[in-house]
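Each chain is listed here by its residues.
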Amino acid sequence: MTGSDPTAALLRPMVLHHDSEAARISLVPEGALLLADDAIEIDVTVDAGVRLDLVEPGGTVAFDMRGRRARWDVRIRLGRDAVLTWAGEPFVVAAGADVARRFDLVLAAGAAVAIRETLVLGRYGEGPGRMSQHSSAVLDGVPVLVEDLPLDATTAPGLLGGHRVLCSVLLLGRSALTDPEAASDRLDLEAGGHLWRRLGAHAHEARLPDAWAAAVRAIG
Amino acid sequence: MHPELMLMLLADARLPVAGHTQSGTAEAALANGLTAYDVPSYLRTRLRSVTLVEAGTAVVARHRAQVGEPLADVDVAWAARTPSGALRQSSRGQGRALRRLAERLWPDALAPVGELRTPSRAAVLGAVSGYLGLGSGSLARLVGYDDVQTVCAAVLKLAPLDPAVATGWVAGALPEIAALAAEVADLKTPDQIPAVGCPQIEAWAEAHAVTSRRLFRA
Numbered sequence: 001m002t003g004s005d006p007t008a009a010l011l012r013p014m015v016l017h018h019d020s021e022a023a024r025i026s027l028v029p030e031g032a033l034l035l036a037d038d039a040i041e042i043d044v045t046v047d048a049g050v051r052l053d054l055v056e057p058g059g060t061v062a063f064d065m066r067g068r069r070a071r072w073d074v075r076i077r078l079g080r081d082a083v084l085t086w087a088g089e090p091f092v093v094a095a096g097a098d099v100a101r102r103f104d105l106v107l108a109a110g111a112a113v114a115i116r117e118t119l120v121l122g123r124y125g126e127g128p129g130r131m132s133q134h135s136s137a138v139l140d141g142v143p144v145l146v147e148d149l150p151l152d153a154t155t156a157p158g159l160l161g162g163h164r165v166l167c168s169v170l171l172l173g174r175s176a177l178t179d180p181e182a183a184s185d186r187l188d189l190e191a192g193g194h195l196w197r198r199l200g201a202h203a204h205e206a207r208l209p210d211a212w213a214a215a216v217r218a219i220g
Numbered sequence: 001m002h003p004e005l006m007l008m009l010l011a012d013a014r015l016p017v018a019g020h021t022q023s024g025t026a027e028a029a030l031a032n033g034l035t036a037y038d039v040p041s042y043l044r045t046r047l048r049s050v051t052l053v054e055a056g057t058a059v060v061a062r063h064r065a066q067v068g069e070p071l072a073d074v075d076v077a078w079a080a081r082t083p084s085g086a087l088r089q090s091s092r093g094q095g096r097a098l099r100r101l102a103e104r105l106w107p108d109a110l111a112p113v114g115e116l117r118t119p120s121r122a123a124v125l126g127a128v129s130g131y132l133g134l135g136s137g138s139l140a141r142l143v144g145y146d147d148v149q150t151v152c153a154a155v156l157k158l159a160p161l162d163p164a165v166a167t168g169w170v171a172g173a174l175p176e177i178a179a180l181a182a183e184v185a186d187l188k189t190p191d192q193i194p195a196v197g198c199p200q201i202e203a204w205a206e207a208h209a210v211t212s213r214r215l216f217r218a
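Chains A and B supply the protein sequences, listed in that same order.
Going by my numbering, the residue at position 10 of the first sequence is 10; the numbering climbs one at a time, nothing skipped.
Going by my numbering, the residue at position 57 of the second sequence is 57; the numbering climbs one at a time, nothing skipped.
Source of the hints: derived by calculation from the structure; they are not laboratory data.
Don't take each hint at face value.
[Claimed, not checked] What follows is a list of derived Cβ distance ranges for each label pair:
hint, chain 1, residue 1, chain 2, residue 2, range
1, A, GLU205, B, ASP73, 33 to 41 Å
2, A, GLU205, B, GLN192, 42 to 50 Å
3, B, GLY168, A, PRO13, 51 to 59 Å
4, A, GLU89, B, GLN89, 29 to 37 Å
[Claimed, not checked] Incomplete in silico selection of chain B near chain A, CB under 8 Å:
hint, residue
5, SER41
6, ALA79
7, ALA80
8, ARG81
9, GLN89
10, ARG92
11, ASP186
12, GLN192
13, VAL196
Keep in mind it's a predicted model, so treat the numbers as computed, not measured.
Backbone N, C-alpha and C fix where the C-beta goes; we use that ideal spot for every residue, glycine too.
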């Protein structure tokens, strides 16, 4: 994990718990995130058959970058039958911020992932910054989800229907189809798995607690 | 046959492929607060997201059909870029209708999609348009134009409007359609297909699929 000073880690992985089959790690920011010219790279590898739970102590704000940019790249590799949950906290793109985010997930056969994220365009009472997010997920060699969200003041009103907040829960490699708690806001992906989505004017309106609980249950 | 005439044939709303059952999710949008005033920006949003994906898929499907390569992974790429089951189902319904027509008129055009059980509309349209001699730019403009006309015709049935106003929206969207075509006309491989999603349209499409109060299927 590197930032604008390439020698300094900006996110410290803090081990909360680990044993031979599982680990729980908190991604703790060291100093202010996210500023102009920051280049965050998060590589997550979970070897075959083990489980990793990632948590974040709080949300992240991408601040006004005054014409400059920042990047936030996440690469996730799951081995056969590996499991990852990532309980993401809100990512706020303040007015004037310009962030390119990438999520690349590669899952081997039998692997499963549950990821929660909340995108907030602009802090309370301000307009949106610019954020382009690219997500791709490949399961056992087959693309199962590819999405670009180029969000800024001109595109966000259409793509998000005038909402400021987009909350998502992604479950891949398992199904929650029989879970009645999790039927609303759910997109059933072609290749199995689900993407729950809720749009809202405020972060508390766009939460998906039932979906997240269902996704974590489905992971087992 | 002259490709321009074939393009007119495919773009004509009188083509019996059940185009009148489609609103381009405009019915759900109007039911959830979109006003007639917002339609031009709604058209632009579609042309830059879901319709861009469809046009890119059709262009790649056309290319694959032309060079005799399989279309299965083109539809896999399309499905990965279409997380809403309602939108996938609607596309496949339209693909089925177009395939039925092509079986009668141009059965040889369907060989490339023969291996697909429920091809997307884009895959069928790509195969058919290549067979009929349409270029990739014409095909992309056809997808964009058809989408714009579908939305505007549906809005005319749902909201009291002067038809000239709706045609003005279509005319106003033409530069955006040309830009869409320029963006996708040279695509050759499934991984190049644009992937711009529209969470709001996806949510509306899902809600529309389960309501009984509707004029349009999708």
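For a quick check of understanding: which of the numbered hints are violated here, in increasing order?
2, 9, 10, 11 and 12
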